[in-house]
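Undergrad: Hey, can you work out the whole structure from these sequences and the hints?
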Amino acid sequence: MGVHLNVFAQLVRNTVKSRGMPSARQVFVPTPLMNTPPAVLRQYVEGDDPVHSRPFMAEVFDQLTRPVPAGELRGEGWDRSTPRYVEASGEAEMHGLFQERRYTDFLPIVLPTEEHVERMLAGTSHPPDEMVGKLRPTIGMEHWHFDVEKVAVNAVMAGAAPEHFPVILALASSGDTGRQSSMSSMGNMVLVNGPIRHEIGMNSGIGAMGPYNYANSVIGRAFGLLSQNLQGGSVPGVTYAGSQGCNFSYNCITFAENEEASPWEPYHLQHGYDRDESTVTVSYIWGSVWAEYLRTYWEEKLQAMICGLEPGMGCTLVLDPIVAREFVEKGFDTKDKLALWIHEHARIPQRRYWDHVMLNLIHEEVESGVEPFASYWNAPPDELIPVFEPDRVNIVVAGGETNGHFSIFMGSPMRAKFRTNKGQKAAVSIDAWR
Amino acid sequence: MFRVLNPEGYPPAVSASGMASALDTVEGKKLFLVDVGFANSDNFMAQLNGWFEEHRPAIRTEVVRWRNQHIPDPELCERIKAEGDAAIIGVGT
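Chains as they are written, first to last, in the working numbering: chain P, 1 to 434; chain S, 1 to 93.
Any given hint could turn out to be false.
[Unchecked claim] Computed footprint of chain S on chain P; a stretch qualifies when at least three of its residues, placed anywhere within it, have a C-beta under 8 Å from a C-beta of chain S:
| no. | segment |
| --- | --- |
| 1 | 3 to 12 |
| 2 | 15 to 24 |
| 3 | 37 to 43 |
| 4 | 50 to 64 |
| 5 | 79 to 90 |
| 6 | 131 to 141 |
| 7 | 148 to 158 |
[Unchecked claim] A short list of chain S residues far from chain P (calculated; beta carbon distances all over 10 Å):
| no. | residue |
| --- | --- |
| 8 | ARG3 |
| 9 | ARG60 |
| 10 | VAL63 |
| 11 | PRO74 |
| 12 | GLU78 |
[Unchecked claim] Non-contacting residues of chain S with respect to chain P, defined by C-beta distances greater than 10 Å in every case (computed):
| no. | residue |
| --- | --- |
| 13 | PRO11 |
| 14 | ASP24 |
| 15 | VAL26 |
| 16 | GLY28 |
| 17 | LYS30 |
| 18 | ALA58 |
| 19 | GLU75 |
| 20 | CYS77 |
| 21 | ARG79 |
| 22 | LYS81 |
| 23 | ALA82 |
| 24 | GLU83 |
| 25 | ALA87 |
| 26 | ILE89 |
I should point out that these hints are in silico values taken from the structure, not numbers from a laboratory.
Note that this is a predicted model, so its numbers are computed, not measured.
For every residue, glycine included, the Cβ atom is placed at its ideal position computed from N, Cα and C.
TA: Below you can see the structure in the form of structure tokens.
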């Protein structure tokens, strides 16, 4: 029997139905659970199940002893295949139908006619029926699969052109979703490296992270649309649980690294690719803090910025080339040296390091004695712990040098443990999808 | 009639593994109370355990914890099958 928060009643119903067990035993308690004191939790147990509208414990006993339909005892399935076409009486009706079915982000779309999709498919050498990958809204939910044609349909809807299609296919193949269902309302950052940046005219200079470039705009939007449609939806309360939602999700902060103006090696070289290869990397992002120049007290300020972030999520520094060169002048002639400085100098007390989120994310590693987390767990409450391990500090150079500004985003690529495609690098080859 | 291509992916086939039979009674049975590891689930299971101890002492309960909140713990599931009659798993958030 499962115990769930009442806000997830519809999600729970859909999940057990998709597993062929619509009568699976489920009881519900009120929301919230986190930070709720024991006395209130006891009231949850002694009070009513808010979904079934009867005493919680009565529902527990009833469901444990209620006979199960014979079909569900042996396991039953049914056909739920999706048709290849959607039909309506006209274009206006089709736009309405796409919104009604939540295929869109509620901005205008290009309807994916066969002609449009065929044109998009010319952007790759891969056949339309080649399987590309699988996606799901979050860990624990089922994976949906898709082929090249399905990705092309969503690319058309986003307004993309055939030359953008290899980047969009690489994103679709990554196993990363641009519509993650986490209650924490995470968004994404999509970073493109290599020669394709220039081939398709991406922006890495002035306004790189803003709405000032065709390729940046539609690639990010396509990633979001393909994610919601190819993973089985992103519907609040059903397949999306983010409490506040994230405005980053409209475009997934899509931009190119300014490799030419950077004093350091580009991101994809750090991750095993050659300079003449093109890659795309997805990060999961919660928000950012901003600063300008490395002024007199830059060390203190950088420490404060990092120490305000949640330790479990990693961080991504997006530095204007002016700031990157300032770091070089201070002795950080590689990105790794800067990441190591942050690891060594940005520290918080043990008691705060383990407060809630971090404990949830790596409890298994702590119990298994994985270092350094086991030592961090056993440290005294006031001992200062590094906020991030060096490999969780990502550094990217972007911007047009109008001023020495930089942002630090809370978030990074999905850790290997949680990746859909086990063993796959976070940086995905675009060339493989040309 | 206006026709376009469907943007939805391909859902997996529904292949149920089958549910466990209902208990004839809960009295005298062993229930595992499984803390899945989300924040405060441990405290909720402690309160649920306390309720059983106070109100239904003839029902044996044991609070256990999954090692990973996102994935069922196979060793623990085997132990529950071998030693228990039912499991209450939560809190799903």
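Undergrad: Each hint needs a verdict: does it hold in this structure or not?
TA: Hints versus structure:
Residue count for the segment 3 to 12 of chain P with a Cβ under 8 Å from a Cβ of chain S: 5. That meets the three needed, and the coverage hint holds. By the rule of at least three residues with a Cβ nearer than 8 Å to a Cβ of chain S, the coverage given for the segment 15 to 24 of chain P holds, with 6 such residues. With 3 residues having a Cβ less than 8 Å from any Cβ of chain S, the segment 37 to 43 of chain P passes the three-residue criterion, so the hint holds. With a threshold of 8 Å between beta carbons, the proposed coverage of the segment 50 to 64 of chain P by chain S holds, since 4 of its residues qualify and at least three are required.
Residues of the segment 79 to 90 of chain P with a Cβ under 8 Å from some Cβ of chain S number 11, which satisfies the need for three, so the listed coverage holds. For the segment 131 to 141 of chain P, the proposed coverage by chain S is satisfied: 3 residues have a C-beta within less than 8 Å of a C-beta in that chain, meeting the threshold of three. Remark: the segment 148 to 158 of chain P is confirmed as covered by chain S, as 5 of its residues place a Cβ nearer than 8 Å to a Cβ of that chain, reaching the required three. Not every CB of chain P is more than 10 Å from the CB of ARG3/S (nearest about 5 Å), against its label as outside the interface.
For ARG60/S, the requirement that its beta carbon stay farther than 10 Å from each beta carbon of chain P is met, with the minimum near 14 Å. Even its closest Cβ contact with chain P, about 13 Å, leaves VAL63/S beyond 10 Å, as expected for a residue assigned away from the interface. Listed as a non-interface residue, PRO74/S keeps its Cβ farther than 10 Å from every Cβ of chain P; the least gap is roughly 13 Å. Distance to chain P confirms GLU78/S as a non-interface residue, since its nearest Cβ pair spans about 18 Å, more than 10 Å.
The beta carbon of PRO11/S is not kept farther than 10 Å from every beta carbon of chain P, the shortest such distance being approximately 5 Å. Listed as outside the interface, ASP24/S is inconsistent with that label: its C-beta sits roughly 7 Å from the nearest C-beta of chain P, within the 10 Å cut-off. Residue-level check failed: VAL26/S sits 6 Å from the nearest beta carbon of chain P, not beyond 10 Å. Non-interface call for GLY28/S relative to chain P: holds, since the shortest CB-CB distance, roughly 13 Å, exceeds 10 Å.
Taking the minimum C-beta to C-beta distance to chain P, about 12 Å, the non-interface status of LYS30/S holds against the 10 Å cut. Residue-level check passed: ALA58/S sits 13 Å from the nearest beta carbon of chain P, beyond 10 Å. With a cut of 10 Å on Cβ distances, GLU75/S stays outside the contact zone with chain P, its closest approach being about 12 Å. With a minimum CB-CB distance of about 14 Å to chain P, CYS77/S clears the 10 Å threshold, and the non-interface call stands.
With 10 Å as the threshold on Cβ separation, the claim that ARG79/S sits away from chain P holds: the shortest Cβ distance comes to roughly 16 Å. No beta-carbon of chain P comes within 10 Å of the beta-carbon of LYS81/S; the shortest separation is about 15 Å. In this structure ALA82/S is separated from chain P by more than 10 Å, as the shortest Cβ-Cβ distance comes to about 18 Å. The Cβ of GLU83/S sits about 17 Å from the closest Cβ of chain P, beyond the 10 Å cut-off, so the non-interface label holds.
In this structure ALA87/S is not separated from chain P by more than 10 Å, as the shortest Cβ-Cβ distance comes to only about 7 Å. Distance to chain P contradicts ILE89/S as a non-interface residue, since its nearest Cβ pair spans about 5 Å, not more than 10 Å.
The structure does not agree with the numbered hints 8, 13, 14, 15, 25, 26 stated previously, though it agrees with the rest.
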